[in-house]
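**Student:** Here are the chains, one letter per residue:
Protein chains: 4
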Amino acid sequence: MSAKDELVRTFPVIVTQAVVWGDMDSYQHVNNVVYFRYFENGRLEYFRRIGWFEIEEATGIGPILASTHARFRRPLTYPDTIHIGTRLLEMKDDRFTIEHNIVSEALDDVATEGQGMLVSFHYATGKKMPLPEELKERMRVLEATVQRN
Amino acid sequence: MSAKDELVRTFPVIVTQAVVWGDMDSYQHVNNVVYFRYFENGRLEYFRRIGWFEIEEATGIGPILASTHARFRRPLTYPDTIHIGTRLLEMKDDRFTIEHNIVSEALDDVATEGQGMLVSFHYATGKKMPLPEELKERMRVLEATVQRN
Amino acid sequence: MSAKDELVRTFPVIVTQAVVWGDMDSYQHVNNVVYFRYFENGRLEYFRRIGWFEIEEATGIGPILASTHARFRRPLTYPDTIHIGTRLLEMKDDRFTIEHNIVSEALDDVATEGQGMLVSFHYATGKKMPLPEELKERMRVLEATVQRN
Amino acid sequence: MSAKDELVRTFPVIVTQAVVWGDMDSYQHVNNVVYFRYFENGRLEYFRRIGWFEIEEATGIGPILASTHARFRRPLTYPDTIHIGTRLLEMKDDRFTIEHNIVSEALDDVATEGQGMLVSFHYATGKKMPLPEELKERMRVLEATVQRN
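Protein chains in written order, with my numbering: chain A, 1 to 149; chain B, 1 to 149; chain C, 1 to 149; chain D, 1 to 149.
Don't take every hint at face value.
Any copy will do: because identical chains look the same in the list, a pair fits if it lies in one copy or spans two.
[Unchecked claim] Straight-line alpha carbon distances no greater than 25 Å define the calculated SDA-like cross-link-like pairs of lysine to any residue that follow:
#  : residue 1 : residue 2
1  : K127      : R138
2  : K127      : D108
3  : K128      : A106
4  : K92       : E45
5  : K4        : A18
6  : K127      : R71
7  : K4        : Q28
8  : K136      : Y27
9  : K92       : L65
10 : K4        : A144
Derived from the structure by calculation, the hints contain no laboratory data.
Input sequences plus hints: build the corresponding full structure.
**Tutor:** In structure tokens form, the structure reads like this:
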């Protein structure tokens with residue numbers, strides 16, 4: 001099974017994009033900073049898929065990234081196409097952790113792994129708030145569309 | 001006279017910053033895109049100096065960048081310190097053009113020249129508006145602090 | 001005819017990509033700097049299509065961006081998909097000018113127009129050099145695949 | 001003691017820079033991706049201070065970022081000035097971990113904490129290599145210039 005097929009089998013949200021020349025730094029590899037933009041692209045698509053932007057408009061509760069981590073396994077270079085997989089790793093009352101795998105088509109391998117911890121935040125009062133139940137349910141439904149190893 | 005002294009003599013607003021390693025691309029020069037961030041840094045400091053942010057809050061009228069241009073004379077590399085000069089080139093009723101020169105300390109020379117055309121915009125109605133008189137006066141006062149060749 | 005169809009009819013090289021959330025700045029529009037990365041993506045694809053990277057390896061002659069310009073007609077926002085068209089505007093012995101149009105699917109319109117002037121440069125000697133004939137011929141062939149108004 | 005003074009007391013390498021307007025995203029806070037560029041600026045200055053670039057030229061052994069982490073404690077906004085502290089956390093034969101604290105002048109507080117794990121890498125052979133002894137000694141000397149709690 002290709003690395004991409006394995007990703008699609010196990011991550012419910014996949015964003016596919018080209019590595020662009022300008023993503024590389026003077027070592028002629030994709031710069032470490034850029035991977036966090038890749039993660040952000042995956043994360044935002046995950047939020048869009050569960051309709052968080054509409055829920056945020058209705059409840060005033062949105063996500064704040066509290067911490068994030070990347071482990072660089074293999075360097076990416078231009079030209080290449082990558083698939084950014086995003087899935088839920090753990091959910092608590094007022095926070096959850098998501099996981100990213102970035103698969104390179106040129107390498108047919110996972111290039112980078114990452115995680116992000118998101119806190120449920122009520123912007124008007126500046127306080128943490130429990131995740132809306134509707135949102136948690138949508139995440140469960142989305143996650144049920146793929147297999148977990 | 002050093003290139004920096006010449007810049008200070010002729011541009012009323014100077015932003016000084018380090019070229020960082022990550023500004024370079026895989027040709028090991030500062031990437032062309034980054035120069036427009038340098039220009040933006042200079043432009044925003046110019047706006048801050050004339051108090052446009054307060055005027056925008058009071059009048060709802062703010063700047064929109066309508067067009068911009070860069071001419072790359074000499075490539076920048078890390079490590080270096082640059083001085084971004086910004087000055088008014090031409091003012092009309094509802095728009096004005098600013099000019100940037102970026103001086104490299106390592107080269108003791110102007111590395112890049114640029115321009116930006118800004119339109120006076122009323123965000124609430126989505127329409128062009130004449131520049132507030134107060135703002136035009138402040139720009140004249142600021143520009144009078146330097147010599148023009 | 002849609003703005004995209006018009007673009008495809010008149011520009012030989014089209015790069016299609018998603019506007020990502022992080023392309024926006026605090027005015028909640030795509031930041032002006034990002035458009036030059038879009039242009040770069042189009043430019044690099046144009047160079048890839050005419051095989052300049054191979055020619056550069058064989059001859060040591062590559063492109064240097066000498067100047068660039070953007071005119072912002074309509075702001076882009078996330079989410080959207082854009083089509084970046086690139087075509088030759090003018091060719092001289094040791095330089096040429098390319099033109100970009102960025103079409104937004106959400107707006108069905110040209111959001112931004114740009115140009116870039118590229119100089120033919122021999123890196124080892126640090127001097128301008130005439131464009132390799134093979135390259136000029138490939139550009140002519142590529143340009144002949146579309147109509148020009 | 002100010003947060004900056006505490007940073008200077010405990011981190012041997014400090015990079016000071018302005019938060020620029022373009023560092024913010026559409027939530028009007030500095031975007032999460034940008035913090036990793038701040039860390040990179042600190043890391044590169046640390047490497048410059050121990051002369052790794054010269055050692056890399058002599059030995060062919062350079063650093064590769066294997067993993068990195070950020071914990072976002074308080075959001076940064078423009079305008080502000082930040083101090084990026086970098087220090088050694090742990091050193092092994094062929095790798096070491098560095099730690100970053102970013103102090104905001106406006107907040108008089110640590111805004112972000114981060115870590116990076118660097119592997120000693122011989123580029124020509126593509127293999128991990130022990131850290132050059134000279135480099136380890138220089139790191140010890142540099143670290144001895146500050147107090148550790």
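**Student:** Could you place K128 and A106 in one of the four classes (within, between, both, neither) given a Cα distance threshold of 25 Å?
**Tutor:** For K128 and A106, the Cα distance is within 25 Å only across copies (23 Å; inside one copy 42 Å).
**Student:** Quick one: K127 to R71, C-alpha cut-off 25 Å, is that within a copy, between copies, both, or neither?
**Tutor:** Cα proximity of K127 and R71: across copies only (18 Å, versus 31 Å in one copy).
**Student:** Regarding K136 and Y27, is the shortest C-alpha distance of 25 Å or less found within a copy, between copies, in both, or in neither?
**Tutor:** between (42 Å within a copy, 23 Å between copies)
**Student:** Is it within, between, both or neither when you check K4 against Q28 at 25 Å Cα-Cα?
**Tutor:** So K4 and Q28 pass the 25 Å test inside one copy only (24 Å; across, 32 Å).
**Student:** Quick one: K127 to D108, C-alpha cut-off 25 Å, is that within a copy, between copies, both, or neither?
**Tutor:** between (43 Å within a copy, 21 Å between copies)
**Student:** Reference check for the pair K4 and A18, CA-CA at most 25 Å: within, between, both, or neither?
**Tutor:** both (14 Å within a copy, 20 Å between copies)
**Student:** For K92 vs L65, is the C-alpha pair at or below 25 Å within one copy, between two copies, both, or neither?
**Tutor:** This pair counts as within: shortest intra-copy Cα distance 15 Å, inter-copy 31 Å.
**Student:** From the Cα coordinates, with 25 Å as the cut-off, is the pair K92 and E45 best called within, between, both, or neither?
**Tutor:** within (21 Å within a copy, 39 Å between copies)
**Student:** Checking an output row: K127 and R138, CA cutoff 25 Å. Within, between, both or neither?
**Tutor:** within (23 Å within a copy, 41 Å between copies)
**Student:** Cα distance capped at 25 Å. Does K4 pair with A144 within a copy, between copies, both, or neither?
**Tutor:** Only inside one copy: K4 and A144 sit 19 Å apart there, 37 Å across copies, limit 25 Å.
The structure meets every hint from the earlier list without exception.
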